[in-house]
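Engineer: Residues per chain are reported as follows:
Protein chains: 2
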Amino acid sequence: MNILDLIALARMGCASKMTEISSSRLADALGSSQQTASRKIRDLEREEYIVREVLPRGQRIKLTSRGIEVLRTVHQELDKILQEHEPCTYIINGEVVSGLGEGSYYMKIKGYVDQFKSKLGFEPFPGTLNIKLKTEDDRRIRQTLQKLGGIRIQGFKQGDRTFGPVKCFRARVDELEAAIVIPDRTHHGFDKLEIISPKKIREALNLKDGDIVSVKVEV
Amino acid sequence: MNILDLIALARMGCASKMTEISSSRLADALGSSQQTASRKIRDLEREEYIVREVLPRGQRIKLTSRGIEVLRTVHQELDKILQEHEPCTYIINGEVVSGLGEGSYYMKIKGYVDQFKSKLGFEPFPGTLNIKLKTEDDRRIRQTLQKLGGIRIQGFKQGDRTFGPVKCFRARVDELEAAIVIPDRTHHGFDKLEIISPKKIREALNLKDGDIVSVKVEV
DNA sequence: ATTACTAATCATCGAGTAA
DNA sequence: TTTACTCGATGATTAGTAA
Chain A
1 MNILDLIALA
11 RMGCASKMTE
21 ISSSRLADAL
31 GSSQQTASRK
41 IRDLEREEYI
51 VREVLPRGQR
61 IKLTSRGIEV
71 LRTVHQELDK
81 ILQEHEPCTY
91 IINGEVVSGL
101 GEGSYYMKIK
111 GYVDQFKSKL
121 GFEPFPGTLN
131 IKLKTEDDRR
141 IRQTLQKLGG
151 IRIQGFKQGD
161 RTFGPVKCFR
171 ARVDELEAAI
181 VIPDRTHHGF
191 DKLEIISPKK
201 IREALNLKDG
211 DIVSVKVEV
Chain B
1 MNILDLIALA
11 RMGCASKMTE
21 ISSSRLADAL
31 GSSQQTASRK
41 IRDLEREEYI
51 VREVLPRGQR
61 IKLTSRGIEV
71 LRTVHQELDK
81 ILQEHEPCTY
91 IINGEVVSGL
101 GEGSYYMKIK
111 GYVDQFKSKL
121 GFEPFPGTLN
131 IKLKTEDDRR
141 IRQTLQKLGG
151 IRIQGFKQGD
161 RTFGPVKCFR
171 ARVDELEAAI
181 VIPDRTHHGF
191 DKLEIISPKK
201 IREALNLKDG
211 DIVSVKVEV
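These protein sequence lines map, in sequence, to chains A and B. Per our numbering, the first sequence starts with residue 1, numbered consecutively. Per our numbering, the second sequence starts with residue 1, numbered consecutively.
Hints are computed from structural coordinates only; laboratory data are not their basis. Glycine included, every Cβ here is placed at the ideal spot set by N, Cα and C. Incorrect hints may appear among the rest.
FRET-style restraints, in silico, Cβ to Cβ [said to hold, decoys possible]:
no., chain 1, residue 1, chain 2, residue 2, range
1, A, Gly159, B, Ile109, 45 to 53 angstroms
2, A, Ala204, B, Ser16, 33 to 41 angstroms
3, A, Gly58, B, Gln83, 54 to 62 angstroms
4, B, Ser98, A, Gln158, 46 to 54 angstroms
5, B, Gln83, A, Lys134, 31 to 39 angstroms
6, A, Gln146, B, Gly111, 32 to 40 angstroms
7, B, Asn206, A, Arg140, 55 to 63 angstroms
8, A, Pro56, B, Phe122, 58 to 66 angstroms
9, B, Leu30, A, Gly58, 35 to 43 angstroms
10, A, Asn206, B, Gly111, 24 to 32 angstroms
11, B, Gln158, A, Gly159, 44 to 52 angstroms
12, B, Ile91, A, Gly99, 41 to 49 angstroms
13, B, Gln83, A, Arg25, 40 to 48 angstroms
Let's have the full structure, built from the sequences with the hints guiding it.
Structural biologist: In structure tokens:
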């Protein structure tokens, strides 16, 4: 069994529910022929990593708990490996700048706020502190965070609007409890950092535009 | 390239530094022949996932940043997949064991007690119920909690002693209101769980060492 | 459009062995 | 002990095609 086959199916949605996956679609994802994908699916079924339902024109697939188990094991392995490899504390310095108010908008959306509350343990002040990263080093750390797992906030739909997934990193701005927020599909470049906190950071730390702040993040 | 080969090398220490790995040792880890392991190492080197140094009797291997990158990518994939798959209620089973009395010590410290009172809504009985996790599943849930946010209790200084930050998860031990307490920098391993409650759990539920209890936690 | 069989081709494996 | 070669055997892949 190749773990990548299972991952491919999982990311197509088979982890959570019966999902229509034709053998040629899996073939595309794996970069193989339709025949190979078909055989791999049969193999995974035989080894009970997936269950499926073959219909007249197509099939529906879902990972079994045994399949999920495999993914979890590998995930945990990688967790350990990467944890040891990464430094556990980063310090990012940046300049306080004014945002466009979108932060304030997003921090009022219930779908986000509820998740922040349960996953970070605090209700964010409805607004974000925007930091501009001036040095290459700081931008590099930001880019590293982008790649790391962090605390995942799931995307959701509200009305006809879709709110994308973001991730967070617990941080401290001069001892003040806070979190860095990074959208999965980031719009602005790698030189901005958005920070949330239970309090209004600007007031709590008496900050104004142009001030340099130090953000400590532990991963 | 098979990701499992790279993972095997990484968990043997090659992620962080040049590490002596003979082809037969890798063969053991992969469950293959020495020849196959040797060829796989050469392949990984050719594709620049690792660098190595072949000595008269042995070799030293280290993952390149390209190699680490691959692990990180897979890790992140799995992160997303498993995140969506995680349930919001966990049930942890474990065996009641005697602690060393530290729980009782910490539960008398005002700096902690006040925070428990305000953040959990109850004053903890001055003592903890210690649970030993017997199965891999239970330990995995514990490890998951470690990563999640929970209710944060801040660290503080008192005199010349520093008390580290901990986090809590509201829980129930057989319907009894309680909370799991997990120190940020945990001293003991992942097979112990400390539980606090407004009442003395042992008496309220008539428990003794060796009894199995079920802890339900919602995140 | 599907899934999946067959048969030919291609890649991988490991015993034996050299250096 | 090592690493790593050759080469026959075994497995995996895919084109062609049936259903």
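Engineer: All hints are to be evaluated individually against the structure, with a verdict given for each.
Structural biologist: Hint check:
Glycine 159/A and isoleucine 109/B have their C-beta atoms about 48 angstroms apart, which keeps the hinted 45 to 53 angstroms range intact. Our hint of 33 to 41 angstroms for alanine 204/A and serine 16/B holds, since their Cβ atoms are close to 38 angstroms apart. About 28 angstroms separates the C-beta atoms of glycine 58/A and glutamine 83/B, a value inconsistent with the hinted range of 54 to 62 angstroms. The supplied range of 46 to 54 angstroms is met by serine 98/B and glutamine 158/A, whose beta-carbon atoms lie about 50 angstroms from each other.
Between glutamine 83/B and lysine 134/A the beta carbons are some 33 angstroms apart, a value that agrees with the proposed interval 31 to 39 angstroms. In this structure the hint that glutamine 146/A and glycine 111/B lie 32 to 40 angstroms apart at CB holds, the actual value being about 36 angstroms. Against the hinted window of 55 to 63 angstroms, the Cβ-Cβ separation of asparagine 206/B and arginine 140/A comes to about 58 angstroms, which satisfies the hint. Evaluation of the 58 to 66 angstroms hint for proline 56/A and phenylalanine 122/B yields a pass: the beta carbon distance comes to about 59 angstroms.
Taking 35 to 43 angstroms as the suggested C-beta distance range, the pair leucine 30/B and glycine 58/A conforms, at roughly 36 angstroms. For asparagine 206/A and glycine 111/B, the hinted distance range of 24 to 32 angstroms is satisfied, since their beta carbons lie about 26 angstroms from each other. The beta-carbon spacing between glutamine 158/B and glycine 159/A, approximately 50 angstroms, falls within the hinted interval of 44 to 52 angstroms. Range check, isoleucine 91/B to glycine 99/A: Cβ separation about 43 angstroms, and the 41 to 49 angstroms hint holds.
At about 23 angstroms, the CB distance of glutamine 83/B to arginine 25/A disagrees with the hint of 40 to 48 angstroms.
When held up to the earlier numbered hints, the structure conflicts with 3, 13 and fits the remainder.
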